[in-house]
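Q: The lines below spell out each chain.
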Amino acid sequence: MKLRAMTRRLLMLLAASALLLGIPAATAAFASATADTGWIRLAHLSPNTPAVDVYLYSFGNSNAQIVLHHVAYGTVSPYESVAAGDYSVAMRAAGASPTSQPVLSTSVTIKAGHAYTVAGMGPESGLRLQVLDDELTTPTGQARVRVIQASLKQQVVTVSFGSTVLASNLKFSDVSSYQTVTPGTETVTVSSAGGNATSTATLLAGTVHTLVVLDGANGLEVVNLEDAAGSGQPPVGGAGTGFGGTASHGPGSPAPWLAVIGAGSLLALAGGLRMRRSGVRQRGRLHAGV
Amino acid sequence: MSARRPAAAFALAVGLVVVAAGTAGLLLTRHSTPALRPAAAGVAALPAPTGPIVAPPQPSDPRPVARPVSLVIPLIGVNTQLITLGLTAGGALQVPSSTSVAGWFTGSPRPGAIGSAIIVGHIDSISGPGVFWRLSELRAGDEVYVKRADGTLVEFRVTSVQTYLKDRFPTQAVYGPTPDPELRLITCGGAFDYATGHYLSNIVVYATEVK
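Chains C and Y are the protein sequences, given in the same order. Counted from 1, the first sequence has number 98 at position 97 by my numbering; the numbering is strictly sequential. Counted from 1, the second sequence has number 38 at position 4 by my numbering; the numbering is strictly sequential.
These are calculated hints, taken from the structure and not from any lab test. Note that CB positions come from ideal geometry on N, CA and C, so glycine has one too. It cannot be assumed that every hint is accurate.
[To be verified] Facing chain Y, a subset of chain C residues (Cβ under 8 Å, in silico):
hint : residue
1    : 40
2    : 116
3    : 229
4    : 232
5    : 237
6    : 239
7    : 241
8    : 256
9    : 259
10   : 266
11   : 269
Whole structure, please, built from the sequences with the hints as guidance.
A: This is the structure:
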């Protein structure tokens, strides 16, 4: 009986300490948990392909999660936030039945915290759906930019931002890799065998851009897409946003009280000793007097 | 010589009284005062603000959105003007000089534009609650509104609430680029270090614009 009670107490003690140790571990796990979503946007970048309806399906689900109607050449949708996982993207002629056989489809795996562009690319005769990985980081104080060449009329272009060449001799339906550039407002020049086109683009620090070269009504056009934006100069460390007025107060240091007790003890001890000594002396004197 | 005896007795008595007082003082100050806790969520709820709610911008739209002027978080009773904040000389995030207003970090995107907009407020002053005292009560799905200088409203929904030790602050996750219009609300939390006068952690509320 006594042994059982002791065992129970020991188990409770173990459980309590496990709980105390477990709380910080659980808090840490919560802090490191990241959102399990990614981003996708859909684009039509095939110059001689008529408008399409674009469908996004979660893998294995025949009900579309996103449908974009009548997407014409040159259109890039905003990003949609979706749960990480496997998806398929299908294109049908604009207005076609949602249950009809798609003209094109492709699969895309969306990882948490990553962004993707799924674009119809190439000429209509060789139309394909291409999955592009979009960047979400920049070096501190810099901008990142890439070029998509979607002009069929001028099949080879060279694109520069100010004096920085972003893509040299980029062929139709090709995509350059991202490049780091000094932020600012500069002239974007697209040069081709058929002539040059210029426009102005502002690329801020901490932003990621895609420049899309398109066939316009009159020659080449450049669309400046902002892929992502953050703080150009991220603050160092955390934020000092509190003064403790609502925080819990600890019991404070016991040192001053211990010092008082120590001093009192010394005083009492000294007084006690002196009394004892003078008492002894008086008793001695009394004895001597008898 | 015998005059010493009352003096010694006096010293002994005073010493004992001092020891008793010291012991009482020590025992009486051994308890700790708990943290001031907010009332149950929703008690001071405000109505959602009214005004034209705007859609997120297109990625190719070069027009800047209007600057933010105020922040409303109905569930936790926050309705504050937004001041503008930059960086300190040391490169840290500047914080409002008043504990009762929040501020927008001008080095971050404007709320409702593409990217991660940063709004900062104090959890408390030296004596009581600050503007973001109840920020940690927010949960995924809660609404946050930003009013802009042109009278438009941007509506955000909380996606997550995280607590980070300041010496392990995730700069990229908080300040890094995002492809959609998002908001981060930052305040202090966790344990308070009385030696340095600072909280050891930051609470970050992540929210995304409602379409």
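Q: It remains to establish, for every hint, whether it holds in the given structure.
A: Okay, the hints, checked on the actual structure:
At its closest, the beta carbon of residue 40/C sits 5 Å from a beta carbon of chain Y; the interface hint therefore holds under the 8 Å criterion. Residue-level restraint check for residue 116/C holds (minimum Cβ-Cβ distance to chain Y is 5 Å; threshold 8 Å). For residue 229/C, the shortest C-beta to C-beta distance to chain Y is roughly 4 Å, which falls under 8 Å, so the interface hint holds. Checking residue 232/C against chain Y by beta carbon gives a least distance of about 4 Å; that is within 8 Å, so the hint holds.
The interface hint given for residue 237/C holds, since its Cβ lies 4 Å from the closest Cβ of chain Y, which is under the 8 Å cut-off. Below 8 Å, beta-carbon pairs count as interface contacts, and residue 239/C has one with chain Y at about 3 Å; its hint therefore holds. Interface restraint check: residue 241/C against chain Y, minimum CB-CB distance 6 Å, threshold 8 Å, status holds. Interface restraint check: residue 256/C against chain Y, minimum CB-CB distance 10 Å, threshold 8 Å, status violated.
The criterion of a C-beta within 8 Å of any C-beta in chain Y is met by residue 259/C, whose closest approach is roughly 7 Å, and the hint holds. A cut of 8 Å between beta carbons decides the hint on residue 266/C: the least distance to chain Y is about 5 Å, and the hint holds. The beta carbon of residue 269/C is positioned within 8 Å of a beta carbon in chain Y (closest approach about 3 Å), and the interface hint is therefore held.
The earlier numbered hint that this structure contradicts is number 8, and it is the only one.
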